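Asker: Chains as they are written, first to last, in our numbering: chain A, 32 to 347; chain B, 32 to 347.
No wet-lab data here; the hints were simulated from the structure. Note that the structure is a prediction, hence the values are computed from the model and not measured. Do not take every clue at face value.
The list cannot tell twin chains apart, which means a pair is met if one copy fits it or any two copies do.
[Said to hold, decoys possible] Straight-line Cα separation of at most 30 Å, DSSO-like style, residue types lysine-lysine; simulated pairs: (1) K211 with K282; (2) K71 with K343; (3) K206 with K73; (4) K53 with K224; (5) K53 with K326; (6) K206 with K120; (7) K126 with K189; (8) K71 with K189; (9) K91 with K211; (10) K224 with K190; (11) K326 with K126.
Protein chains: 2
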Amino acid sequence: EDDAYFDSYGHYGIHQEMLQDKVRTQSYRDFIYKNEHLFKGKVVLDIGCGTAILSMFAAKAGASHVIGVDQSEIIYQAMDIVRENDLEKQITLIKGRIEDIELPVKQVDIIISEWMGYFLLFESMLDTVIYARDKWLAPNGAVYPDKCNINLVAMGDKKSHSSKIAFWEDVYGFKMNCMKSCVLQESSVEVVKPVVVMSQPAEIKAIDVCSSNIKDLDFTSEFTLEMTREDTCTGLCGYFDIFFDKDCENKINFSTSPGSERTHWSQTVFTFENPMDFKKGDILQGTITCTKNIKDHRSMIVKFTINGINMKYYVH
Amino acid sequence: EDDAYFDSYGHYGIHQEMLQDKVRTQSYRDFIYKNEHLFKGKVVLDIGCGTAILSMFAAKAGASHVIGVDQSEIIYQAMDIVRENDLEKQITLIKGRIEDIELPVKQVDIIISEWMGYFLLFESMLDTVIYARDKWLAPNGAVYPDKCNINLVAMGDKKSHSSKIAFWEDVYGFKMNCMKSCVLQESSVEVVKPVVVMSQPAEIKAIDVCSSNIKDLDFTSEFTLEMTREDTCTGLCGYFDIFFDKDCENKINFSTSPGSERTHWSQTVFTFENPMDFKKGDILQGTITCTKNIKDHRSMIVKFTINGINMKYYVH
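One chain only, chain A, in its complex shape (with noise of 0.2 Å):
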């Protein structure tokens, strides 16, 4: 008894954040059921299904079967919320990894899936949803969302620079210099206000989730940032942002950018050691290059180069 719960230590508290979540699970659903032609008689694979919502969504817009798989204990709370609601019959529960498992069809016409990490790739599903999509998708099929991009914005926040490298300096009477390089590494996911946004955002990335492969997934990228207002630069914020498109009667989509509804994604900050000033029309370019770490396969790397200046960050 007490060990089926620890299998999903304190798991269930997360599973409710992310239907709390309401930019998320709503963006979802009304993807779904404002776009029931997609759904109406067709196959479905919800791939990180967790309690079934989204199942339970392609259910009721009218999907012939649809197939959930989850590698975590919740799959046992999604057949229990399955039958809850009557949909067992439509809704088949697998638990497993993707990479292990059969499914109880040759083909699926559509994969839904909410696979997003944070600055989008980091701990994402979206390598398990390329294997699947390669491996079952019918030949006219979709995933969805279909479409997601990467950006990146300037960020002028003096107070948070100081809070995180200028605090180093005295802390209750002492130096601790040596920290700061050490958590400067550390990306860190924060709520960005858009007050401190100075620059228009970039495209570092865009990716089409029904055609790109994995290899896409590290990729190096040039940008440019356009100042909105004179201040001091003092690290970049990453987001993302998430489309349903391809065939849609209605188009939705959801970004997590700094002036954008909350998100339990938030945003990304990479703190740079030296701040750079900055006049309203002037240009910051620079080059970013984003890798998976094949040593640590939860974390990513980053890395930009500004004015000949090389920095490194982990995603985690």
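Starting from the known structure of chain A, fit chain B onto it as the hints suggest.
Answerer: Quick look at chain B alone, frame taken from chain A:
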């Protein structure tokens, strides 16, 4: 290079949070600086020293020798920090588990440690502090903080209760009632606003760190909560108080109660499945049992019996 980083992956931010918890760090600083007579010429052991901030406080207060011990990679930063502050003659740092290491001295006069976890005892290092005390503390020595307690207070917070429990009755049109009991078993760490407190507090455990044994940390206690207003009790809020008392010229203490200045420990909430109505002056009587979970040392099991109803929670 990357490997060294990943051993302490994502942990630098935690040390910043701990140091920036002013209630925590300033209480230790004030205790040490305002009671220099305890430290002058003494040998001090700092258990779980982290960035060595407490070790440096003790050195500054006149300790003849401070030994800081930590098993995590942060100790390498602590070594740099101690050098930055020219304290390497006074402070010796050792990487390792207290249970495995040897000290360069036969005994120590004072043990200091910030060992407290959520609800005081969860993931706490108190077992380790007691082990070190029994092995190395001089006959007239002392451990600081020397006293602490755990307290409960009744909460009337229908809004929070509803978002945790009633929420599952209609999740975007679907029933997820089976999630209620799962979510309820997970006590949660939250900032409890004083306005939702509806009773006097009750102390359920007092610990004298200079004399307690490890077996004292699993305990059963009866408690009585007197209601301060008419309301529906939706759960219990747990918190702890910390005292630097023994032989102090200037006694220092701090509380993590809902009314006190916020700390990173916040409060621990045990939500009732079935709320109970009370009038002002009414008494809620109950029994609480706290035990380490032998199947998962990271967690504690907390059981309540109230009005013949048994409730079981996992603190994590």
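Asker: If a hint holds in the structure, say so; if it does not, say that too.
Answerer: Hints, one by one, checked against the model:
no.	hint	verdict
1	K211 with K282	neither (45 Å within a copy, 34 Å between copies)
2	K71 with K343	neither (47 Å within a copy, 45 Å between copies)
3	K206 with K73	between (64 Å within a copy, 24 Å between copies)
4	K53 with K224	both (19 Å within a copy, 24 Å between copies)
5	K53 with K326	neither (35 Å within a copy, 36 Å between copies)
6	K206 with K120	between (65 Å within a copy, 17 Å between copies)
7	K126 with K189	neither (48 Å within a copy, 36 Å between copies)
8	K71 with K189	neither (53 Å within a copy, 41 Å between copies)
9	K91 with K211	between (52 Å within a copy, 23 Å between copies)
10	K224 with K190	both (12 Å within a copy, 27 Å between copies)
11	K326 with K126	both (27 Å within a copy, 24 Å between copies)
Going through the hint list in order, the structure does not satisfy hints 1, 2, 5, 7, 8.
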